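Novice: Residue numbers (this note's numbering), protein chains in the order written: chain A, 1 to 402; chain B, 1 to 402.
Derived by calculation from the structure, the hints in this document are not laboratory data. Honestly, I wouldn't trust all of these hints.
[What the hints assert, rightly or not] Just a sample of chain B residues kept apart from chain A, beta carbon distances all over 10 Å, derived: (1) Q38; (2) P52; (3) T87; (4) L165; (5) A174; (6) A200; (7) L203; (8) A210; (9) G230; (10) K256; (11) A276; (12) E304; (13) D349; (14) R372; (15) E375; (16) D383.
[Stated by the list, open to error] Partial list, computed: chain B residues near chain A (C-beta under 10 Å): (17) Y58; (18) W59; (19) S68; (20) R75; (21) R79; (22) A140; (23) M146; (24) A172; (25) V212; (26) V244; (27) Q338; (28) P367.
Because the structure is a prediction, the values reported are computed rather than measured. Quick reminder that beta carbons are idealized off the backbone N, C-alpha and C, glycines included.
Number of protein chains: 2
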Amino acid sequence: MYELLRGLRVVEGASFIAGPSCGLHLAQMGADVIRFDQIGGGPDFRRWPLAPNGTSLYWEGLNKGKKSIAIDLGRPEGRELAVALATAPGDDGGVFLTNFPVGGFLSHEALCAKRADLITLRVMGWSDGSPAVDYTVNAAAGIPMMTGPVEDPRPVNHVLPAWDLLAGAYGAFALVSGLLRRRETGEGAELRVSLSDIAATSLGHLGQVAEVSCSGDRPRMGNDLFGAFGRDFQCADGARIIVVAITGRQWTGLVKTLDLSEQIACVEAELGVSFAKDEGLRFLHRQRLFPLFEQAIGSRASTELGPAFDSNGVTWGPYQSLHEAVTADPRLFTGNPQFQTVAQPSGVDYPTAGPACRVEGVGRGSPGVAPRLGEHSEQVLADVLKLGSGEIGRLFDQGIVA
Amino acid sequence: MYELLRGLRVVEGASFIAGPSCGLHLAQMGADVIRFDQIGGGPDFRRWPLAPNGTSLYWEGLNKGKKSIAIDLGRPEGRELAVALATAPGDDGGVFLTNFPVGGFLSHEALCAKRADLITLRVMGWSDGSPAVDYTVNAAAGIPMMTGPVEDPRPVNHVLPAWDLLAGAYGAFALVSGLLRRRETGEGAELRVSLSDIAATSLGHLGQVAEVSCSGDRPRMGNDLFGAFGRDFQCADGARIIVVAITGRQWTGLVKTLDLSEQIACVEAELGVSFAKDEGLRFLHRQRLFPLFEQAIGSRASTELGPAFDSNGVTWGPYQSLHEAVTADPRLFTGNPQFQTVAQPSGVDYPTAGPACRVEGVGRGSPGVAPRLGEHSEQVLADVLKLGSGEIGRLFDQGIVA
Numbered sequence: 001m002y003e004l005l006r007g008l009r010v011v012e013g014a015s016f017i018a019g020p021s022c023g024l025h026l027a028q029m030g031a032d033v034i035r036f037d038q039i040g041g042g043p044d045f046r047r048w049p050l051a052p053n054g055t056s057l058y059w060e061g062l063n064k065g066k067k068s069i070a071i072d073l074g075r076p077e078g079r080e081l082a083v084a085l086a087t088a089p090g091d092d093g094g095v096f097l098t099n100f101p102v103g104g105f106l107s108h109e110a111l112c113a114k115r116a117d118l119i120t121l122r123v124m125g126w127s128d129g130s131p132a133v134d135y136t137v138n139a140a141a142g143i144p145m146m147t148g149p150v151e152d153p154r155p156v157n158h159v160l161p162a163w164d165l166l167a168g169a170y171g172a173f174a175l176v177s178g179l180l181r182r183r184e185t186g187e188g189a190e191l192r193v194s195l196s197d198i199a200a201t202s203l204g205h206l207g208q209v210a211e212v213s214c215s216g217d218r219p220r221m222g223n224d225l226f227g228a229f230g231r232d233f234q235c236a237d238g239a240r241i242i243v244v245a246i247t248g249r250q251w252t253g254l255v256k257t258l259d260l261s262e263q264i265a266c267v268e269a270e271l272g273v274s275f276a277k278d279e280g281l282r283f284l285h286r287q288r289l290f291p292l293f294e295q296a297i298g299s300r301a302s303t304e305l306g307p308a309f310d311s312n313g314v315t316w317g318p319y320q321s322l323h324e325a326v327t328a329d330p331r332l333f334t335g336n337p338q339f340q341t342v343a344q345p346s347g348v349d350y351p352t353a354g355p356a357c358r359v360e361g362v363g364r365g366s367p368g369v370a371p372r373l374g375e376h377s378e379q380v381l382a383d384v385l386k387l388g389s390g391e392i393g394r395l396f397d398q399g400i401v402a
Numbered sequence: 001m002y003e004l005l006r007g008l009r010v011v012e013g014a015s016f017i018a019g020p021s022c023g024l025h026l027a028q029m030g031a032d033v034i035r036f037d038q039i040g041g042g043p044d045f046r047r048w049p050l051a052p053n054g055t056s057l058y059w060e061g062l063n064k065g066k067k068s069i070a071i072d073l074g075r076p077e078g079r080e081l082a083v084a085l086a087t088a089p090g091d092d093g094g095v096f097l098t099n100f101p102v103g104g105f106l107s108h109e110a111l112c113a114k115r116a117d118l119i120t121l122r123v124m125g126w127s128d129g130s131p132a133v134d135y136t137v138n139a140a141a142g143i144p145m146m147t148g149p150v151e152d153p154r155p156v157n158h159v160l161p162a163w164d165l166l167a168g169a170y171g172a173f174a175l176v177s178g179l180l181r182r183r184e185t186g187e188g189a190e191l192r193v194s195l196s197d198i199a200a201t202s203l204g205h206l207g208q209v210a211e212v213s214c215s216g217d218r219p220r221m222g223n224d225l226f227g228a229f230g231r232d233f234q235c236a237d238g239a240r241i242i243v244v245a246i247t248g249r250q251w252t253g254l255v256k257t258l259d260l261s262e263q264i265a266c267v268e269a270e271l272g273v274s275f276a277k278d279e280g281l282r283f284l285h286r287q288r289l290f291p292l293f294e295q296a297i298g299s300r301a302s303t304e305l306g307p308a309f310d311s312n313g314v315t316w317g318p319y320q321s322l323h324e325a326v327t328a329d330p331r332l333f334t335g336n337p338q339f340q341t342v343a344q345p346s347g348v349d350y351p352t353a354g355p356a357c358r359v360e361g362v363g364r365g366s367p368g369v370a371p372r373l374g375e376h377s378e379q380v381l382a383d384v385l386k387l388g389s390g391e392i393g394r395l396f397d398q399g400i401v402a
């Protein structure tokens, strides 16, 4: 955890990935993030993967470093507590992160009646409020039809919930931008980030909406990189690697390492082109180029090729399983200072992820420990809502909190 | 464009997706983003897809709403200009976004000698500075080995540069967080966001690092959703749809719509489980469940099923191509107010993406037009560096700027 957001209090009433990952980013930058959940756990409390003791490793991973209060949201008094938390006074409070519906008891309008300068960051599925998860939006946005082997026409779902993760990170950006504005003007805002808008705008920003508008769908191309040189290749020892050359320098380094200059020059002479000067030509003529690289890479072991690639600045990588990466790749995990093994409620020992950002010259602190559900109920009621011990005792006795 | 970041000046010296998308998010929230490039264009200036007139739709999409200055970075005087821009005085300046190397002429240390409170957001490939692109990091992080048909062991590259996009959005969050801190303490910072840290920490946050630490690699499972019920199915009219049921409510709505209650109850009785109460059991026993859904979905047309699913709150979606989505899906594109068709340098008419965030109750403004390369060279030299017309003329005459 860093301290860039120290002193900021954020109340989170959210589940699954987009909202909670947004809260996680804020917490790992030093914000005091208070997550409220239904007593017994919200809809994401048992999401797989699970630890041997039954704890959700997913919930644990997404809620590190937050405080937890468990509330009976089915009763009016519980709902009033959630509203009171989201709208509690103080210059550094008044920030609410949620995926609750636009129009319910946690509507921005209802909350603003209690605190006019509230910033609400609302994460949604479809922007019209209808239900969606990452995978259904992804199917509608066309990605699975572009993914996978050329000869197999079936759609291929992504396994990384990319839109969820992107909504969480972009949501954190929007929230802090709203806060910056509030500090200047005193005005709150409701900021809505939906998975559907995230997917649609991303494909717009990448030029793909423009592309299909002028030339129709990009055909499926398997593992080939679009618009430049790149693909998976098999080495002599059977290892699969990916090699990419987008810039001229990446290309010349690659050709040099594989000792292919003469053969490439022959192809260039025949076609009347220069591959070093135009990455698009490398893509256009890739079927002429690939056999040369298959032969050159296929005749050498990955253990020999890797260091040679590295010393010539080639952009390449091995295909690894996640287990291989977690147990043996120092750049990603085993030697990555953003990870620390800390005791978590699951009892599983694993490298726990801190923030993705490195703040140079500043100590990292702990990546954070996930709370037990309701671990901070009493503390939050006392500190944020300033309730006395008698009142807190009554709320516990009546099962409004746990 | 919104105005949450109005008054903020950001200088961008970056290329490809992560850095420029970060700058784009800032620009679309109202920041004045000045991008400098090598005269003639940086390494991403001709990246595919291209418009019929040769313009890069990729560059156009990622640089909307920014100002452009073209500088000869190969000459000392050009480099000094880039340094002067990044470190120009003013309370709302002093923010530099880059993917230049850690140790070069745009090192944070060198820039801090000119402006001590500088915030540098540096986007990187591998966190150790070695070259990487999204696709090589993705291969190393294990995603392609988990993706694609079960019976085909080959790795499947993702076609969405998810890590790039995530680095851009998370980078924008980190940058604005740094700014908030600077406004309180006066201190600058160098913030480094690498594709490798983005990938590693994301897999950590999702619980997958913990999962492989205790139970090894998750086997490849094709289009099946991990840990709950979800997969692609084919309707009677041949249309493919994805159906997902993570929560109990999603499950009961799905079972009800497909009139499968009795058949599910038989399976539950036989296995001694309740699928409504535990999403993990739906995953564990999915091979028992899928045939029932294949039959029920396969006997009805998608045109009939879609409205029935919608009225019961089922989480589902069609598999569409991007062209279908762009031309006919009102929720993603044709009716999405975050998109507007504006005249761009490419001359292609397409819906241009504004910010992913909707700020409720506030006018959107234009999503922004991409600059011509060097379109704002003169203006930036005058406004930011306060150079006189004689000096500006000399810089143009000597080819230091264009």
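Novice: Hints first: check each against the structure and report whether it holds.
Specialist: Okay, the hints, checked on the actual structure:
no., hint, verdict
1, Q38, "holds (12 Å)"
2, P52, "violated (7 Å)"
3, T87, "holds (17 Å)"
4, L165, "violated (6 Å)"
5, A174, "violated (4 Å)"
6, A200, "violated (5 Å)"
7, L203, "violated (7 Å)"
8, A210, "violated (4 Å)"
9, G230, "violated (6 Å)"
10, K256, "holds (15 Å)"
11, A276, "holds (13 Å)"
12, E304, "holds (18 Å)"
13, D349, "violated (7 Å)"
14, R372, "holds (17 Å)"
15, E375, "holds (19 Å)"
16, D383, "holds (22 Å)"
17, Y58, "holds (4 Å)"
18, W59, "holds (8 Å)"
19, S68, "violated (17 Å)"
20, R75, "violated (19 Å)"
21, R79, "violated (19 Å)"
22, A140, "holds (5 Å)"
23, M146, "holds (5 Å)"
24, A172, "holds (4 Å)"
25, V212, "holds (4 Å)"
26, V244, "holds (5 Å)"
27, Q338, "holds (6 Å)"
28, P367, "holds (8 Å)"
In summary, the structure is inconsistent with hints 2, 4, 5, 6, 7, 8, 9, 13, 19, 20 and 21 from the numbered list given earlier, while agreeing with the others.
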